[in-house]
Amino acid sequence: MPPKFSLQTVLDVRQRRVEALEIELGQLLQEQRKGEEYLVRLQALEASLFARLERQKIGELDLFALEQLHHELTLVQERIEQARQALDTWRRRVDAKRQELVQARQDVEVLETLREKELARYQEEIAHMENRLLDDLYVSRAFRHQREW
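As numbered in the working numbering, residues 1 to 149 make up the sequence shown, in order.
No lab work stands behind these hints, which were simulated from the structure alone. Every value quoted in this text rests on a predicted model; they were computed, and no experiment measured them. Positions of the beta carbon are idealized from the N, C-alpha and C atoms, including for glycine. Take these hints with a grain of salt, some might be off.
[To be verified] Just the calculated beta-carbon pair ranges, DEER-fashion:
no., residue 1, residue 2, range
1, Asp136, Glu19, 43 to 51 angstroms
2, Gln43, Arg92, 20 to 28 angstroms
3, Arg52, Arg105, 29 to 37 angstroms
4, Gly26, Pro3, 35 to 43 angstroms
5, Arg17, Ala65, 57 to 65 angstroms
6, Gly26, Gln85, 52 to 60 angstroms
7, Glu81, Arg52, 56 to 64 angstroms
8, Leu29, Glu81, 17 to 25 angstroms
9, Leu114, Glu22, 34 to 42 angstroms
10, Arg41, Asp62, 54 to 62 angstroms
11, Gln123, Gly26, 35 to 43 angstroms
With the sequences and hints as input, model every part of the structure.
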């Protein structure tokens with residue numbers, strides 16, 4: 001049975017860290033998607049308000065309605081700008097989390113490579129020991145066989 005990897009506890013901690021980062025990244029992506037959907041809804045509302053504004057300009061002008069639509073349009077445009085800024089922030093956070101996840105995965109890969117090398121070294125050592133035992137066995141058989149002649 002191969003010996004326990006000397007850095008197994010470190011590897012386990014790092015693997016759990018990768019799992020936690022994957023969950024965090026998933027949550028950030030979900031929040032980013034919600035922000036994108038919110039922005040799309042605001043842009044649709046903006047387009048709708050522009051269409052209503054154009055319809056109001058046809059025929060008899062109602063200055064109060066025009067002013068109200070203009071006010072609503074201004075508010076929606078402000079919300080769109082806020083949503084874009086929030087979305088930029090989410091994108092930066094997602095990118096940072098991706099980089100953190102990539103680094104954590106690389107750390108795990110390094111430890112897994114060390115574990116594999118340690119196992120290969122152990123297997124090589126066992127193979128050398130087996131070969132030495134077989135050599136000793138063959139020598140003792142040859143010696144015994146020579147004594148019998």
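How the hints compare with the structure:
At roughly 49 angstroms, the beta carbons of aspartate 136 and glutamate 19 sit within the given window of 43 to 51 angstroms. The hinted window of 20 to 28 angstroms between glutamine 43 and arginine 92 holds, with their beta carbons roughly 21 angstroms apart. For the hinted restraint 29 to 37 angstroms between arginine 52 and arginine 105, the CB-CB distance of approximately 51 angstroms leaves it violated. The hint said 35 to 43 angstroms for the Cβ distance between glycine 26 and proline 3, and at roughly 37 angstroms that hint holds.
In this structure the hint that arginine 17 and alanine 65 lie 57 to 65 angstroms apart at CB holds, the actual value being about 58 angstroms. At about 23 angstroms, the CB distance of glycine 26 to glutamine 85 disagrees with the hint of 52 to 60 angstroms. Checking the proposed 56 to 64 angstroms range against glutamate 81 and arginine 52 shows it is violated: the Cβ atoms sit about 21 angstroms from each other. With their beta carbons about 23 angstroms apart, leucine 29 and glutamate 81 fall inside the hinted range of 17 to 25 angstroms.
Evaluation of the 34 to 42 angstroms hint for leucine 114 and glutamate 22 yields a failure: the beta carbon distance comes to about 22 angstroms. Checking the proposed 54 to 62 angstroms range against arginine 41 and aspartate 62 shows it is violated: the Cβ atoms sit about 27 angstroms from each other. The beta-carbon spacing between glutamine 123 and glycine 26, approximately 38 angstroms, falls within the hinted interval of 35 to 43 angstroms.
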